[in-house]
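Undergrad: These are the residues of each chain, in order.
Protein chains: 2
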Amino acid sequence: MHPQTTLVIQQAISAWSAQIKRTEQLFSALSDEQLMQEVSPGRNRGIYLLGHLAAVHDLMLPLLGFGARHYAQLDEQFLSNPDDASKPMPALDVLREYWTASNARLADHINQLPAEAWLDRHTAVSPEDFEKEPHRNRLNVLLSRTNHVSSHHGQLLFLKK
Amino acid sequence: MHPQTTLVIQQAISAWSAQIKRTEQLFSALSDEQLMQEVSPGRNRGIYLLGHLAAVHDLMLPLLGFGARHYAQLDEQFLSNPDDASKPMPALDVLREYWTASNARLADHINQLPAEAWLDRHTAVSPEDFEKEPHRNRLNVLLSRTNHVSSHHGQLLFLKK
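Protein chains in written order, with this note's numbering: chain A, 437 to 597; chain B, 437 to 597.
No lab work stands behind these hints: they were computed from the structure. Possibly wrong hints are sitting among the right ones.
Same chains, same label: a pair holds when it works inside one copy or across any pair of copies.
Listed below are the simulated DSS-like cross-link pairs for lysine-lysine, each with C-alpha atoms no more than 27 Å apart in a straight line [said to hold, decoys possible]:
| # | residue 1 | residue 2 |
| --- | --- | --- |
| 1 | Lys-523 | Lys-596 |
| 2 | Lys-457 | Lys-568 |
| 3 | Lys-568 | Lys-597 |
| 4 | Lys-597 | Lys-457 |
| 5 | Lys-457 | Lys-596 |
| 6 | Lys-523 | Lys-568 |
| 7 | Lys-596 | Lys-568 |
| 8 | Lys-457 | Lys-523 |
Fair warning: this is a prediction, and the values are worked out from it, not measured in the lab.
With these hints in hand, go ahead and build the complete structure from the sequences.
TA: And the structure:
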């Protein structure tokens, strides 16, 4: 692979890692009590966004061809449905662990992936479609999820005093 | 430039454009009245984030070597200081215009820039430092500002009914 391509891919990975790091720091700094609050009146609670991000990042494992996911039990509550304070939630320390573990698994795979493999298709696109649309590669998933976590990070900041 | 490098750079540009588009659509959908509200109690008002994003994107012109900026008068109120409802604000239609015009100017330059020029240093890094840190290029500014606008987009969503 051309060194310039490797450089650009590394920059995209660094941007991902930076957003993960600051979001992990934010969740660590927020108390359980703060995470039970809505980020804004009538909006998602912190606990919902924690479960949501854990589920989305867990789902990145199969999407990037990194292996099976671990927390499919989160989907119903944290992906398919909006936050619902009338329903019981998993314990916060469990969700905190899922979030951290999902990011750690991704980091392991990301650090080991050869640069050229970022240009391979992700698993949600067929080989036929990928031939016509070569941008639907692993890197696109990474760029898109980086913006996703940035967006929720901006919202979670409102839980800080 | 290697076609793979060009592809990867185009993907980063597409991610930027997608975030700009959805944030422009959101600002267009928000009424002046909604933009005068705080995105969350005690947090920035929509009008502040509009001026803030216009100023940050205007500043990208010199940072990316695309020419002089246009709205240095925004800095004091929208970059150096937090939102202050006790101070008079520029008119909303003026800020809306600055925001749209800044993005349009950037798009013009971005669309014309040869792919290899994304790997040149941005203007806030010295040639000496850039030699040691080749990732401090134009592309890094783009990746970083994409996440910045994503973060504020997530907050501005709370102004919608």
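Undergrad: Are the CA atoms of Lys-457 and Lys-596 at most 27 Å apart within a copy, between copies, both, or neither?
TA: Cα proximity of Lys-457 and Lys-596: one copy only (17 Å, versus 29 Å across).
Undergrad: Within a copy, between copies, both or neither: which one fits Lys-568 and Lys-597 at a CA-CA cutoff of 27 Å?
TA: neither (49 Å within a copy, 40 Å between copies)
Undergrad: Within a copy, between copies, both or neither: where do Lys-523 and Lys-568 come within 27 Å Cα-Cα?
TA: The answer is neither: 44 Å in one copy and 54 Å across copies each exceed 27 Å.
Undergrad: Could you place Lys-457 and Lys-568 in one of the four classes (within, between, both, neither) given a Cα distance threshold of 27 Å?
TA: For Lys-457 and Lys-568, the Cα distance is within 27 Å only across copies (24 Å; inside one copy 35 Å).
Undergrad: When no copy is specified for Lys-457 and Lys-523, does a C-alpha distance of 27 Å or less occur within a copy, between copies, both, or neither?
TA: neither (30 Å within a copy, 36 Å between copies)
Undergrad: How would you label the pair Lys-597, Lys-457 (within, between, both, or neither) given a Cα cut-off of 27 Å?
TA: within (20 Å within a copy, 32 Å between copies)
Undergrad: How do Lys-523 and Lys-596 come out at 27 Å by Cα distance, when the copy is not named: within, between, both, or neither?
TA: Cα proximity of Lys-523 and Lys-596: in one copy and across copies (25 Å, 25 Å).
Undergrad: Can you tell me if Lys-596 and Lys-568 fall within 27 Å by alpha carbon in one copy, between copies, both or neither?
TA: neither (46 Å within a copy, 37 Å between copies)
The structure fails hints 3, 6, 7 and 8 (numbered hints given earlier, in ascending order).
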